[in-house]
Amino acid sequence: MLAVADVLSSGEARLRDLPWRASRDPWKILIAEVMLQQTQAMRVIRRWHDWCRWYPTPADLSGVPLGDALRRWQGLGYPRRARDLHGAAAAMVQRHDGQVPDSVEQLQALPGIGPYTARAVMAFAFERDVGVVDTNIARILARTAGTKLTRSTVQSLADALVPDGQGWLWNQTLMDLGATVCRPKPSCEACPTAATCRWHQAGNPMPDPAAGSAGVSTPQAPYEGSDRQARGRTLAELGRGANATARFDRRIVEGLILDGLVVERDGELHLP
DNA sequence: ATCCCGAAGG
DNA sequence: CCTTCGGGAT
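Per my numbering, the very first residue in the first sequence carries number 259; after that it's consecutive.
FYI, nobody ran anything at the bench for these hints, they're computed from the structure.
The beta carbon of each residue, even a glycine, is placed where N, CA and C say it ideally should be.
Be aware that a few hints might be false.
Pairwise CB distance ranges, derived in the manner of DEER restraints [said to hold, decoys possible]:
id: 1; residue 1: 422; residue 2: 367; range: 37 to 43 Å
id: 2; residue 1: 498; residue 2: 338; range: 18 to 24 Å
id: 3; residue 1: 317; residue 2: 482; range: 37 to 43 Å
id: 4; residue 1: 262; residue 2: 283; range: 26 to 32 Å
id: 5; residue 1: 409; residue 2: 504; range: 44 to 50 Å
id: 6; residue 1: 301; residue 2: 323; range: 22 to 28 Å
id: 7; residue 1: 438; residue 2: 283; range: 23 to 29 Å
id: 8; residue 1: 404; residue 2: 497; range: 45 to 51 Å
id: 9; residue 1: 386; residue 2: 446; range: 29 to 35 Å
Work out the full structure, taking the sequences as your base and the hints as a guide.
Here is the structure:
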C-alpha cells in the first residue's frame with residue numbers, strides 16, 4: 259500500500275506552481291481540466307489565463323457564437339473540446355442556474371465531461387475526497403500494486419486511498435508525481451513511494467504493469483499526414499474568414515460539418 | 001517516434 | 001471492446 263504520509267509531504271514540498279492550483283472557482287477549474295485533456299500543462303497556462311479573462315462565467319461563454327470559441331481555441335487541438343465546453347456552458351445556464359454542478363453524476367451529464375474531468379472538478383474546485391484517475395495516477399497505482407489493473411479497480415483503489423479531508427492535495431500530489439517522477443520511464447531513486455512500490459521492489463521487471471495505464475490512456479496514431487492534421491489546417495483557415503467550399507478536401511469538410519465545427523451556406527464554409 | 005492531468009461514438 | 005479526435009515539445 260502507498261505510503262500516504264510520505265507522498266503528501268513530498269507534495270507540500272515540491273508541487274509544481276501551476277496557476278489553476280491557486281483557484282477554487284469551479285468554472286475556471288473546469289476550463290483548465292478540459293484544456294488539460296491530452297494537452298500538456300505548460301502549453302495550457304497562457305491559454306487558460308486568456309479564457310478566464312474572456313469568459314469569466316459559463317454565461318459569458320454560452321453568450322457568444324461557437325465560432326468565437328473555436329477561433330479562441332485555435333492551436334490547442336481537439337476543437338471538439340471547445341464545442342463541448344460551449345455546450346456545457348449553455349446546459350449549466352439552462353439547468354443549473356449558470357453554476358457548475360457539484361456532483362459527479364451531474365457533471366458527467368454535461369458534454370465533454372467524462373469520469374476524469376468530473377472527479378477533477380469535485381476534488382480541485384469543491385475539495386471533495388474523491389479519487390481522480392488520470393493517466394499519471396493510473397500508472398502510479400498499477401506500479402505500486404505491481405500488476406496490471408482494470409479501469410474500475412483503479413478507480414476503487416484511488417477512492418479508497420484519499421486521506422480524509424485532503425483530497426485536493428492528495429490528488430494534485432499524485433498527478434505531479436506521475437508527471438515528474440513516476441513517468442513512463444521512471445526515476446525511482448527520487449520517488450517517495452519507492453519503499454512500498456511492488457514493481458520497484460521486484461526490480462522493475464518487464465512488462466511494466468502500467469503499460470496502457472489501465473486503459474485510461476489510448477495509443478496515438480501518427481499525426482503527420484493524418485485527417486486530424488488536415489482538419490486542424492482547415493479550421494485555422496476558416497477562422498480567418500469564410501471560404502469557398504471548393505477550395506477544401508470534401509471528405510475532411512464533411513467530417514467537420516458532421517462534428518458541428520463547420521457550417522455550409524451558399525457555397526461557402528463558415529465557423530458556426 | 002513518444003508523450004501528454006480523456007471523451008464520445010460505434 | 002474498438003477507433004477517432006490536434007498539436008507542440010522532446
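Going down the list of hints, with the structure as the test:
no.: 1; hint: 422 to 367: 37 to 43 Å; result: violated, 28 Å
no.: 2; hint: 498 to 338: 18 to 24 Å; result: holds, 21 Å
no.: 3; hint: 317 to 482: 37 to 43 Å; result: holds, 40 Å
no.: 4; hint: 262 to 283: 26 to 32 Å; result: holds, 28 Å
no.: 5; hint: 409 to 504: 44 to 50 Å; result: holds, 45 Å
no.: 6; hint: 301 to 323: 22 to 28 Å; result: holds, 26 Å
no.: 7; hint: 438 to 283: 23 to 29 Å; result: holds, 26 Å
no.: 8; hint: 404 to 497: 45 to 51 Å; result: holds, 48 Å
no.: 9; hint: 386 to 446: 29 to 35 Å; result: holds, 31 Å
When the structure is compared with the earlier hints, a violation turns up for hint 1 alone.
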